[in-house]
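Full structure from sequences and hints, please.
Residue numbers for the sequence shown follow the working numbering, beginning at 1 and rising by one.
Since the hints were derived computationally from the structure, they do not count as laboratory data. Don't be surprised by glycine CBs; every beta carbon is placed ideally from N, CA and C. A few of these clues could be false.
Simulated restraints, written as ranges between beta carbons of each label pair [claimed, not checked]:
{"id": "1", "residue 1": "Asp-215", "residue 2": "Thr-334", "range": "40 to 46 Å"}
{"id": "2", "residue 1": "Glu-78", "residue 2": "Ala-318", "range": "31 to 37 Å"}
{"id": "3", "residue 1": "Pro-355", "residue 2": "Thr-282", "range": "27 to 33 Å"}
{"id": "4", "residue 1": "Arg-11", "residue 2": "Pro-355", "range": "32 to 38 Å"}
{"id": "5", "residue 1": "Glu-71", "residue 2": "Ala-107", "range": "27 to 33 Å"}
{"id": "6", "residue 1": "Pro-73", "residue 2": "Thr-317", "range": "43 to 49 Å"}
{"id": "7", "residue 1": "Leu-356", "residue 2": "Asp-96", "range": "44 to 50 Å"}
For lysine to any residue, the following SDA-like pairs were computed, each having C-alpha atoms within a straight-line distance of at most 25 Å [said to hold, decoys possible]:
{"id": "8", "residue 1": "Lys-5", "residue 2": "Ala-133"}
{"id": "9", "residue 1": "Lys-223", "residue 2": "Gln-54"}
{"id": "10", "residue 1": "Lys-223", "residue 2": "Asn-48"}
{"id": "11", "residue 1": "Lys-223", "residue 2": "Leu-40"}
{"id": "12", "residue 1": "Lys-31", "residue 2": "Leu-14"}
{"id": "13", "residue 1": "Lys-222", "residue 2": "Arg-303"}
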Amino acid sequence: MLSEKSAETVRATLPAVSGSIGEIASVFYEKLFTAHPELLRDLFNRGNQANGAQQQALAGSIAAFASALLEHPDTPPETMLSRIAHKHASLGITCDQYSIVQAHLFAAIGEVLGSAVTDEVAAAWSEVYWRMADALMAKEARLHAEAGIADGDVWRDYRVVGRLPDGDVVTFQVRPVDGSPIPASRPGQYVSVQVPLPDGARQIRQYSLSGDPGDALQFTLKKVDGEVSTQLHEHVAEGDVLRIGPPSGDVTLDDGDGPVLLVSAGIGCTPMISMLSHLAATDSPRQVIAVHADRTQRTHALRADLDQLVAKLPDATAHVWYEAPEGRWPADRTGLVDLSAVDIPEGVTAYLCGPLPFLRSARAQLRALGVPAADIHYEVFGPDLWLGRD
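Printed below as a string of C-alpha cells:
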C-alpha cells in the first residue's frame, strides 16, 4: 500500500506520467544502454528494442501497476507481477539490477517531465517503483529457491541430443552436459536459451517446451526473420552445446479434473502440445478440446503431434481452421476461428497462445460465450503488450 501522501501525488500526476510514459521508456533505455552496453548485447532482446515492443511493455507495466495501487491498494496485480517475475527469473535478473534500472528510469522521468518532477513527485513515484521492485524480487527469490538455484545463477550447459526439422520449424532435444537430471517442469512452461551470435553477443530468447521426451528437455521454434532463430535453425546441430535456463512460466495446465480448452494459432501451438502430451502421458479422463488456427496445412507446426495426442485421449476433440487451405477442407473450418462453432462445456478452463490480435479475438469470443475472465489464461511470445484486461 502506498503512503497516503504518495497516493495523492501519484493520483494527481498519473495522467501526465502515463501520457509521457512511452517517451520516458525510450529515454530510459537509451540511458541504460549507454551506461551498460553489455545489457543490450547479452540480456535484452535487440529485436524488441529496435521495434519498440520492449519500451511499450515497460511503459504499460509501470502505468498498470501505479493504477492498480490506487484502485486496489490492498490487492497487488498478482497476474502481472507473476508474469514478469517468471520472465526475470528465467533470465537471471539479479536484485542489484533493480537499483541500476531505478537510477536511469528516474533520470529519464526528470529529463522528459522537467520541472514538473518536484522532490515530492519524485519521492511518490520512487515509492511506486520500489513497491513493484520489492514484490518482484520476493517472487523471483521464491522461484529461484523452488528451482534450487542461487540468485541469478540460472544458466546450465545442455547438449543437443536430437534435432527434428519439420518445414520452417525445428524441435531441439537437450540434456545437461554434466549428466545431472533434467529440471522439473510443468506443461505450458518455457525455457530461456542463450545463443552466441557472430558479432559476439549472447542473445536470449524464450521457447515453449513442446513435449516430454523423457530424459531430455524439448523445445520447438519457428524460423522467423530474426537473428536468434536464424542462428539456431542454420548453425546449431546435434552435439552442440547451448546455455539454457530453468523451466519458467505461470501459464501452466491446472491439476483439476474439469474440462480443458486449448486455443492456439501458428507457433502458439507449442505450449498446447506440451499440455496435450502431459494429459496423454497420464491417461487423463478430462474432456479436452483443442482448437488451432493456421495459414495452411503446410504451415501448421506439429500437426501430426496434435492428431496423435488427441487420438490417445479418451475424451478429446480437435478443431482446426486454415485461412487458405490447400485441397479439400471443410468450408466451416476455413477462415478465422469461430469459437461459437465449438461446443464449449460449462466450467471449462481455457488456455490461449498465439499472436496478440488472435489472443484478443479468442478471449473476446470466450467472454461473449460466458466463460469467466478468471478461467481464461494466455501466453504471448515476446513482451506482453496487453495484460489481458477486459
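Which hints, by number, does the structure contradict? 7
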